[in-house]
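Those sequence lines, one after another, are chains A and B.
So for the first sequence, our numbering puts the first residue at 1; every next one is plus one.
So for the second sequence, our numbering puts the first residue at 1; every next one is plus one.
Accuracy of the hints is not assured; some may be wrong.
[Said to hold, decoys possible] Below 30 Å or equal to it, Euclidean Cα-Cα: the simulated DSS-like pairs (lysine-lysine) are:
#, chain 1, residue 1, chain 2, residue 2
1, B, Lys157, A, Lys440
2, B, Lys225, A, Lys401
3, A, Lys176, A, Lys222
4, B, Lys79, B, Lys154
5, A, Lys440, A, Lys492
6, B, Lys157, A, Lys589
7, A, Lys401, A, Lys440
8, A, Lys154, A, Lys176
9, B, Lys154, B, Lys225
Derived by calculation from the structure, the hints in this document are not laboratory data.
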Amino acid sequence: MRMIGIDVGGTFTDLVFADTGSGQVTIHKVSTTPADPSQGMMTGMEQLCARAGVKLSDIDTVLHATTIATNAVLEHNGCEAGMITTEGFRDVLHIGRHQRPQHYSIRQEIPWQSQPLVKRRHRLTVKERLTADRSTVLEPLDEAGVRNAARVLKAAGVEAIAICFLFSYLNPSHEKRAAAIVREEYPACFVTTSSDIAPQFREFERFTTAAMNAFIGPKVRKYIARLAEELAARGLTADLRIMRSNGGIATAALIGALPVLTLLSGPAAGVLGGAWSGALSGRKNLITFDIGGTSADIGIVLNGGFIESAARDTQIGGYPVLVPMLDIHTIGAGGGSIAHLDTAGAFRVGPRSAGAVPGPAAYGRGGTLPTVTDANLVLGRLDAAHFLGGGMRLDEAASAKVIGELATQLHLNAQAAAEGVLTVINANMANAIRSRTVEKGLDPRDFCLVAFGGAGPLHGAEVAAILGIPEVLVPSHPGICSAMGLMTTDLKYDTVRTVFARSDRLDPATLAADFQAMAGDLEAQVRQDGIDPAAATFRRAADLRYFGQGYELRVDVPDGDLDAAKLTEMVGDFHARHATEYGHGFPDKPVEVVNVRLTGTAPSETLRAVPAPTGGSLAAALARRAPCVFRTAAGLREFDTPRYERDLLPIGEPIPGPAIVLQTDSTTVVPPGATLTALADGNLIIRLGA
Amino acid sequence: MVDPVTVSVIHGALETIAVEMGFKLMRMAHSSIIRESEDFGAAIIDRHGRGLAESAQSTPLQSGPIPGYIRGIKRQMEKRGETLRPGDVIMHNDPYGGASHGPDVAFVVPVFIGEQLVGFTATTAHHLDIGALTPGSCGIVDAIDAYAEGLQFKAIKVYDRGVRVEPVWQILHDNIRAPELVVGDMEAQVAAARIGAERLLDLIGRYGMATFDAACEAALAHTEKLMRQAIASLPDGSWTAHTFIDGFEDSDDPARRDLRIQATVTIAGDSLTVDLTGTAPQVSDRPINMPFEGTVDIAVWLTIRSILLDTAVFGHIPVNEGLTRPITITAPKGCLANPIFPAPTIARFSPGNQLADTVMKALAQVVPERVSAGIGNLRVMAFSGETADGPWVHMEIFEGSYGGRQGSDGMDAVDTLFANTRNNPVEDVESHLPLRVRRYELREGAVGAGRWRGGLGSVREFELLADGGVSIEGDGHTYRPWGFDGGSDGHTANMQLISGNISTNMPSKMPYRRLRAGDRFQCAGPAGGGYGPPRQRDPESVRADVLDGLLTSDAARTAFGVALTATLAVDVAGTALLRE
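The shape of chain A in the complex, shown without the other chains (with noise of 0.2 Å):
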């Protein structure tokens, strides 16, 4: 099988290439075509297969993630839609839950009414109202007044409707006719329910996510149709896929309907990315560490499994959204974040950013402003002449400039301001790693930290000595970890069910009845991808909280068929959950089933390996040795530091720090007391001081 994974980022278009039969990897990096991504792409994949020596026509899968769906809700760029709701509640989108996004503010703009998804006059309301008792109708669904508003909206120009029912989660069948008499009237219209994409209940988050839905449908649909184009005229039958905020694939088709799944396309691959190179070491407890420029994203990998977030926990841009996704925790901290004094002399860094233009100080395009990255030039961390490969010169007495003038303002001299930024920001990435872990219940030490993206590598070491993290590994290629992520998982595929039952009152016929609908639903979605069903494996799972309870967590549901003792053993996991999430458990409580959840996983072929580094040996890996300034016991001092080329490193020879290693995507960073060990499967291991 060869494969071509693609990570568009903001700046760069990350690809690679991968033959699952021979085993070879190509990597490759363009600069990302902002108004038409698929420009990047379609000439990444030109040069990446040449340089393979492979034919694009030849290319069996193209396994993508993307931002387009992220971007458009951010600059809220979608299309004009409308909305089609229950009678009595137009507003559920604009009132949101009454409450403000800032405590401390007049001035403050809240987002869902100063951005609307759905503007009001497109909002209309129809008869019709089901009952949180799911078998009751109390009014029934007026269908002419559907037809009414479906030709009214279709008038005023939308391009696709939400429908949005209350407890529509229960009882789909309003939300499904409402959408049939919508298409009939206006065929070309992009139409989604609430039942369908989010079927939870929470009817602000879940109209909210409908609406995003169809807000941006248009413009995904058109882009994956481009895309499938421009693929098909370079000779490429590839199937297409997307990578989902869940960490799952998608086939085009799926994510065409519903786009709302890719809002953490890019960051989920990611993770996938940093847990499959942990896994090559056979590190199965992981913290996925991917810095960027402006922003660092956090990912919790336990025994081998990805954590997905809580559906209260997902947003975008201040909105809610009720789709799975993995819970990736994210900070404005990343190497163009800007360290400065505020009016009252409090020294911060972040979570402002000096982005890709101007950048850093050292980038010479403009930048004024002291970043983390001049920090690191400043204190010999990065070599200018090796920056990106040596394909970008970093300008030293720029980066020594503003750090020089931070340091006055500081009270300080440049080297302890330079240290100071970068000890500030790696204490705000240890804060946000401890809020998923110590805070969690999870201790750190038994964790691995795997340090990816441009500036991860940087920073590792440091961050993870903080937490006491005893390891970081660092990948074959950081830079494009997310890419490699793409072509490392499966199909996914998931639905949800809210139950509201007590746990002592349960029928496990009842229960037993719903997954198997469930089962049914997602076999159906397989076989829509051409898939056979029996190739897929399906999980249940539960979200459970304590009767009273306003915030679930998830557990798995035993295998096998379900009876009284396996509702017990699964009751028994979530207080085990709860007192370990929380520290605190109400073991006598009543214990309320709020949500059912079935994941259909159909195998895709993944990548395996990298090819293996031959190995060198120090001698030769040594491109020279410079200063480089750490912080020992004893205060800030000048080391002599060896830069290593890491393509030349010996294989399992432990290196001291301190150390400096230099690829083309990242520099790493060793510290005094710490030991480097390249490893055979092509990453690197640092081991921190006892």
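With the hints as your guide, set chain B onto chain A.
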């Protein structure tokens, strides 16, 4: 002396701890008032009682008062000759001892290294019931004194040197309605505060007490400087404003209704004083009096801070005691804003928010570009009843709206100023309670006209599906939110009780009343005041409101001087004529 890098690192760690405490409390909590409405707080306090950091999720009216609770506890224990010891957990809700009001119960963990007290971690939460005369902890509007409001806890140890004080927990169990929920939430509060204490000890351990102390001093000095700079940039002078609250609209006693709230803001250099002289005398036998420490101070601080150091403009600013140092608050003893024990205070929510609005009105004369016109106040309703599973209580906060702002319209249908809670999803309410929500929409046709119009109110309608009871505490039925700089006043709220064919206009405060299945409440929320002359409003914005069904073409013409054509385009010539 500590370097700015270490200050930043320690401060970041303190905020992380406070957030973790809040996060865990919210997720463990059982009552919707805590976990959905987010009516809870979490904070870290130093050993002198000064706030160091608060959780970001909680509502300002909960975290803000925590330092006051600690000071109240210290005073109370000193008076009784008691001492704090390692392993103690203290419960406190005394509105005359720093608490915000009785239902907001704090659980405080004093943090020790050996025998040395190094700080406090604390959580507060609004509890569903605190053993008052009728079910629920809002709408107790007929409490005649502090004793009628429910249980009073004045620095009570619920853990003594690590040992659970069982008799106290038993008293809680026996005197609170829905004890499973409420006492469970109290246990969650203790657990969250203890986690904070553990983390605080780790942090101090990492840096040492001296460095930690120095970093905290620097962090307090920093926010103090921020606030002083903001105040110093304003002209010196004195500005007074007043507004009115309904009080008890239906009362025969004039001393109970149409009550004046007055604030004089004086700026002198980098200090600011708020004097509440002119505010109506306390109502000694009705609970709309505002605790001076715990409600009044928070309302004042929050308003000044939101205007002078607005997060949308200044970015994240640490919340600690430094922010309040430049501000002095005075109020004559015996007025609504500084009542004398045992005047009842449980229903101080709406008056307190009106006080915040009044302080904004005074500041509007100094910094007109930073304020909103008058806000719409809030109302809270407690529904209660019995099901097979026992008694239930449900509290729902009804949103207000903001006035227009220079450059943008007011925020629609949100909590205002010192409250920032969340509503309960309709699908959650109906799944768990014998209630039905029949309508929840923006209120059409009631707009505070202005160049930037006021925020819109909401309309919410609840139906009882089983016999039960309701009580209400709110305000804003009599006085319209103030328009500013030529803007029109907003619109008052109103509430109808619909029972069969009979619709009754309800006052903004109603003590517990039994209702029957099928009875409905329809609540129209207030619309904020307009900002700037309506005839200067961009005609396209007026047209947009007409297209969106919020205004009629007639209102566009009469209130804004905008003429629209039959196809709802702006009639430019007609508009010019109207606006001449």
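Outcome of the hint check:
no. : hint                : result
1   : B/Lys157 - A/Lys440 : holds, 29 Å
2   : B/Lys225 - A/Lys401 : holds, 29 Å
3   : A/Lys176 - A/Lys222 : holds, 24 Å
4   : B/Lys79 - B/Lys154  : holds, 11 Å
5   : A/Lys440 - A/Lys492 : holds, 26 Å
6   : B/Lys157 - A/Lys589 : holds, 25 Å
7   : A/Lys401 - A/Lys440 : violated, 42 Å
8   : A/Lys154 - A/Lys176 : holds, 19 Å
9   : B/Lys154 - B/Lys225 : violated, 35 Å
Violation of the numbered hints given earlier is confined to hints 7 and 9; the remaining hints are satisfied by the structure.
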